[in-house]
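Counting in UniProt numbering, the sequence shown runs from 1 upward without gaps.
What the hints contain is simulated information worked out from the structure, not anything from laboratory work.
Certain hints may be false.
[Unchecked claim] Here are the simulated distance ranges between beta carbons:
| id | residue 1 | residue 2 | range |
| --- | --- | --- | --- |
| 1 | Met76 | Asn24 | 21 to 29 angstroms |
| 2 | Pro157 | Arg75 | 18 to 26 angstroms |
| 3 | Phe178 | Asp77 | 18 to 26 angstroms |
| 4 | Thr93 | Asp177 | 15 to 23 angstroms |
| 5 | Asn131 | Asp78 | 24 to 32 angstroms |
| 6 | His104 | Gln133 | 15 to 23 angstroms |
| 7 | Asp80 | Asn159 | 20 to 28 angstroms |
| 8 | Arg73 | Phe178 | 24 to 32 angstroms |
| 9 | Gln133 | Thr93 | 31 to 39 angstroms |
| 10 | Glu179 | Thr62 | 24 to 32 angstroms |
| 11 | Gly132 | Ser50 | 25 to 33 angstroms |
| 12 | Glu127 | Lys105 | 30 to 38 angstroms |
[Stated by the list, open to error] In the EDC-like style, the derived pairs of lysine to aspartate or glutamate whose C-alpha atoms are separated by at most 16 angstroms in a straight line are:
| id | residue 1 | residue 2 |
| --- | --- | --- |
| 13 | Lys121 | Glu44 |
| 14 | Lys103 | Glu139 |
| 15 | Lys67 | Asp177 |
| 16 | Lys20 | Glu139 |
| 17 | Lys33 | Glu127 |
| 18 | Lys173 | Asp78 |
We put the beta carbon where it would ideally sit given N, CA and C, even for glycine.
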Amino acid sequence: MLLSMIFVINPFKHKEVIMKYRVNVGDGLPQFKIKDQEGFEVTEEDLIGSPLVLYFYPKDDTPGCTKEACEFRDRMDDLDKLNTLVVGVSPDTAESHQKFISKHKLNFTLLCDDNLDLAQKFDTLREKVENGQTIKTPERTTFVIDMDGIIRWIERPVNIEGHFDRVYQAVQKVVEDFEEGDIDFPIEIIKKIEKESLEKKHDS
Numbered sequence: 001m002l003l004s005m006i007f008v009i010n011p012f013k014h015k016e017v018i019m020k021y022r023v024n025v026g027d028g029l030p031q032f033k034i035k036d037q038e039g040f041e042v043t044e045e046d047l048i049g050s051p052l053v054l055y056f057y058p059k060d061d062t063p064g065c066t067k068e069a070c071e072f073r074d075r076m077d078d079l080d081k082l083n084t085l086v087v088g089v090s091p092d093t094a095e096s097h098q099k100f101i102s103k104h105k106l107n108f109t110l111l112c113d114d115n116l117d118l119a120q121k122f123d124t125l126r127e128k129v130e131n132g133q134t135i136k137t138p139e140r141t142t143f144v145i146d147m148d149g150i151i152r153w154i155e156r157p158v159n160i161e162g163h164f165d166r167v168y169q170a171v172q173k174v175v176e177d178f179e180e181g182d183i184d185f186p187i188e189i190i191k192k193i194e195k196e197s198l199e200k201k202h203d204s
C-alpha cells in the first residue's frame with residue numbers, strides 16, 4: 001500500500017501538520033486474527049455489520065488510557081442507541097485486560113495485540129526512547145468504521161479531552177449517511193447486487 005500524505009489537525013498544538021500514514025479514511029479493514037481478553041479469536045469479519053469504534057492505546061491502567069476507557073464505559077448507552085461496537089486494542093496480555101476490565105467495570109471488548117501485529121496493520125506504531133532504548137509503541141489512535149468495514153473517521157494522536165464527543169459525532173454521521181444512502185458500498189457488494197438483479201430479471 002502506498003503512503004499517502006495528508007493534513008491532520010494536531011489536537012495538542014492546534015495547528016496543521018503534515019504526516020504520512022499508510023492507513024487513511026476510505027480504506028477498508030485489513031484482514032486479521034487476534035484474541036480478546038477471554039482468549040476467543042476475533043477476525044475483521046466479526047466486526048463488520050454495525051458501526052465500530054476501534055481504538056488503540058499504549059497500556060492498561062495508566063492514567064490517560066484509564067480516562068479514555070472510562071469515558072467509553074460511561075457513555076456506552078449513547079453508542080448502544082446507534083448499535084455501535086467499541087473495541088480497544090493494546091499490547092497487554094489477556095490477564096492484564098481482565099484485571100483492567102474488572103477494576104474499572106469496562107463494558108466492551110479488549111484485544112490482545114501482544115506481537116503488535118494489529119498496530120502494524122493499522123499503522124499506529126511510533127518510536128519512542130525509553131530507558132535509553134528506542135522502542136515501538138502504539139500511538140493513541142481512534143478509528144470509526146462503517147457497517148461495511150470502511151474507515152470513515154480517524155483521530156491521531158488522540159486528545160483525551162473531548163474525545164468521546166468527537167467520536168460520537170463521527171458515529172452519528174456514519175449512521176446518517178448510511179440511512180440516506182450516501183455511503184459507497186464495496187465493489188464486491190455492488191457486483192453481488194447487480195448479479196441478483198439480473199437473475200431476478202431472467203427468472204421473470
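- Message: When the structure is checked against the list of hints, which entries are broken? Sort them ascending.
- Response: Of the numbered hints, 4, 5, 6, 9, 10, 11, 14, 15 and 17 do not hold.
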